[in-house]
Structure formats: C-alpha cells, structure tokens
Amino acid sequence: MNATCAIFRESLLDYVDEALHPAVREVARAHERSCADCAGLVRSVREQRALLSSLPRPAAPGNLGARIERALANSRRAAFRPRRWTAWGAAAAAAVLVAIGLMAGASRLRAPERSITVVDVELPDRGTLLGRFAPSYENPSASLLDPLVSSENP
Amino acid sequence: MSQFPEPREAPDAAAEEALVRRAQAGDRDAFRSLYQKYQDRVFATAYRIAGDRETAADLTQEVFVKIFEELPGFRFGSRFSTWLYRVAANHAINKASETARHARLNERIARERPAAAPADPPSRDRFAGERLQAALAALSVKLRAVTVLRYLEGLSYEEIAETLELSIGTVKSRLFLAHATLRELMDDDVKEGDR
Numbered sequence: 001m002n003a004t005c006a007i008f009r010e011s012l013l014d015y016v017d018e019a020l021h022p023a024v025r026e027v028a029r030a031h032e033r034s035c036a037d038c039a040g041l042v043r044s045v046r047e048q049r050a051l052l053s054s055l056p057r058p059a060a061p062g063n064l065g066a067r068i069e070r071a072l073a074n075s076r077r078a079a080f081r082p083r084r085w086t087a088w089g090a091a092a093a094a095a096v097l098v099a100i101g102l103m104a105g106a107s108r109l110r111a112p113e114r115s116i117t118v119v120d121v122e123l124p125d126r127g128t129l130l131g132r133f134a135p136s137y138e139n140p141s142a143s144l145l146d147p148l149v150s151s152e153n154p
Numbered sequence: 001m002s003q004f005p006e007p008r009e010a011p012d013a014a015a016e017e018a019l020v021r022r023a024q025a026g027d028r029d030a031f032r033s034l035y036q037k038y039q040d041r042v043f044a045t046a047y048r049i050a051g052d053r054e055t056a057a058d059l060t061q062e063v064f065v066k067i068f069e070e071l072p073g074f075r076f077g078s079r080f081s082t083w084l085y086r087v088a089a090n091h092a093i094n095k096a097s098e099t100a101r102h103a104r105l106n107e108r109i110a111r112e113r114p115a116a117a118p119a120d121p122p123s124r125d126r127f128a129g130e131r132l133q134a135a136l137a138a139l140s141v142k143l144r145a146v147t148v149l150r151y152l153e154g155l156s157y158e159e160i161a162e163t164l165e166l167s168i169g170t171v172k173s174r175l176f177l178a179h180a181t182l183r184e185l186m187d188d189d190v191k192e193g194d195r
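Protein sequences appear in the order of chains A and B.
The first sequence begins at 1 in my numbering and counts up by one.
The second sequence begins at 1 in my numbering and counts up by one.
Treat the hints as calculated values from the structure; they're not laboratory data.
Keep in mind the model is a prediction, meaning the values are calculated, not measured.
The beta-carbon is built from N, C-alpha and C at its ideal position, and this holds for glycine as well.
Hints may be right or wrong, so weigh each one.
Taking lysine to aspartate or glutamate pairs in the DMTMM-like style, the calculated list, with each CA pair at most 25 Å apart, reads [stated by the list, open to error]:
hint, chain 1, residue 1, chain 2, residue 2
1, B, K66, A, E47
2, B, K95, A, E47
3, B, K142, A, E47
4, B, K37, A, E69
If you want the footprint, here are the derived chain B segments under chain A, 3+ residues with CB under 8 Å [to be verified]:
hint, stretch
5, 51-62
6, 132-146
All chains, please: the whole structure from these sequences, using the hints.
This is the structure:
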C-alpha cells in the first residue's frame, strides 16, 4: 500500500457513496483501476453494504408493548408528577376536610341526640314510683332522670 | 444521501412534535403512540448492538422508561427520534460493554458455522448473509454500533455523529475500520469453511 492508497482509503466511503466531487471521483476511479488491493476493498465494501442493507429487521417480541406499558406503570412517572402548587392545594383541601370532619364529630359528642324514656311504675294505692320518691317532679331534669334514662346514642 | 433498499421512513416532523408536546403535558395516549411507533426500531437497534433478544427487549423497556421520565426536560434541540436513538444506542453500547458480550459472540460464531455437509445447503446469498451477521456480531461494540446505525437503520453520517456524540470524521473512520474487519472475518470464515 502506497501513499495514494492511503489517501484513496480515507475517501473510500465517500467514493462508494458517490459523494466525492466529480473531478476527485475521476482520480479515485483511476486509482481503483490501477490498484488491485484498493479495487478489492471497494468491491468488498459494496458487497457488505448490499448484504447489510438486505438483512431482515429482527422481529420484536409480540408482548413488547405490554412490557413497556408495565415498565412505565412502575416508573417514577416524573413526566406526570403534579406541579408543586397542585400538591400543596390538594394537601390543604385534605386538611380542611379533616378539620370539618373533626368538628362535626366533636359537635355530635357534645350534644348527642337523645330520646328520653321516662320509666315509671304504678304503685298499688300509693300513686307512682316517681310520685313517691320525687314528689316535686313536674319538669324532670336530665340529672334527676339519668338513672332512668336510656340514650340511643351513647 | 441514502441509497439503501429500506431507507428510514421520514416522520412528519410537525405532527410528531405535536405528539411529543402532548406527551410532555401528560397525555398517556400520546406517549403510547410514540412508543408504538418506535418500539420495533429501538428493539432492532438494541438487538443488533447488544446481541440477544431478551437483552434487547429489556433495553427497549428501559429506554422508553428513561424517555418517559426525561420527556418534560426535552427542549427540541434535536428531533425526538434523534434523541431516542441516542438514548437507545448508548444504552445498548453500555450494556454490551458491561456484559463483555463480545467474547460470547465469538463463541457463537464458532457454533453457527455450518457443518461440512449440511442436509439443506443454504443459497449463496443466504450463506453470505449468515456469515456477515456472524461477523457483524464479532465486531467490537463501537464498530458494530456505527455499522448498525448506518446500514441497518439508514442514518446519515451526520445523524450517527449526533446520535453517538462523535465527529463525522470519527464516524467515517470507524465505519471504514468496520468494513475492513468484516472483510477479514468473512475471509477467515471462508478459509476455515474450505478446510
């Protein structure tokens, strides 16, 4: 291989691609005709290119799409992470809902809805039990009646 | 210039950019359209560079997860497909290098050499194609990557340079070296087959 061969080989791909300037291409063609080694190299490159370009594309597995979909589902999903203000907004809304829930619960604890049942017993010839033990009973208070009251909402 | 039998399809750049922008905004269907469009080509590139189907399928998944996660930061400095190829090719190159697949592929070449008297001898072209595939698999990862991107995926020298972050001169010199190495490997193969 001489210096001309080295120069020729530097431009070999452009020569095979027919991307050289016409004048340069003629010089290269003349060298190809005169040099068996370089001519063999050109032939080899052309054959390889033709073969490589004709190789079938390997078929992807049939489940590749499903595999990608599963991998995406398990990814960090950075692309779809909510913006910061949205996250803060969601947190604030959740806090308000919790607070409302707590307040509602507390109010129910403080003022439970009660149904009061006054239990009294008729005593033979002595009036009623309440009349005997609470003679002043006219408007019973809750405290007086507590032992006798059942609440449906403990 | 592309003079190969199956040139890459020229994507509609505006439509693709719109799709990418929708995917960036969180549209899952848009991202699904993107991976459905490119999954076969990413798989093929990964398979040619990394060398086996299961690894290529894993790499394809990983590439799309990476793209999915980094999509909000994509600023259209290049085409989406170029960025995707860059991620895919570099991922495959790294994987192939890490696992030292080169040595195993050489073993595979030895296994895949046809027997002296095959029952159903392949045609001359098919035989040459098989020898070339085996020789391609025996190239170093760097040489194989430029060969795959140039001749199997039909990228221009400029696109390969951008994809692999190399100069065009380096791409051409690697490709020339790949041709010379393929020639030697195939010649050796023929000589051994004649013994």
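Verification of the hints:
1. B:K66 with A:E47: violated (37 Å)
2. B:K95 with A:E47: Violated, at about 30 Å.
3. B:K142 with A:E47: This hinted pair holds, its Cα atoms lying about 21 Å apart.
4. B:K37 with A:E69: holds (14 Å)
5. 51-62: holds (count 6)
6. 132-146: holds (count 3)
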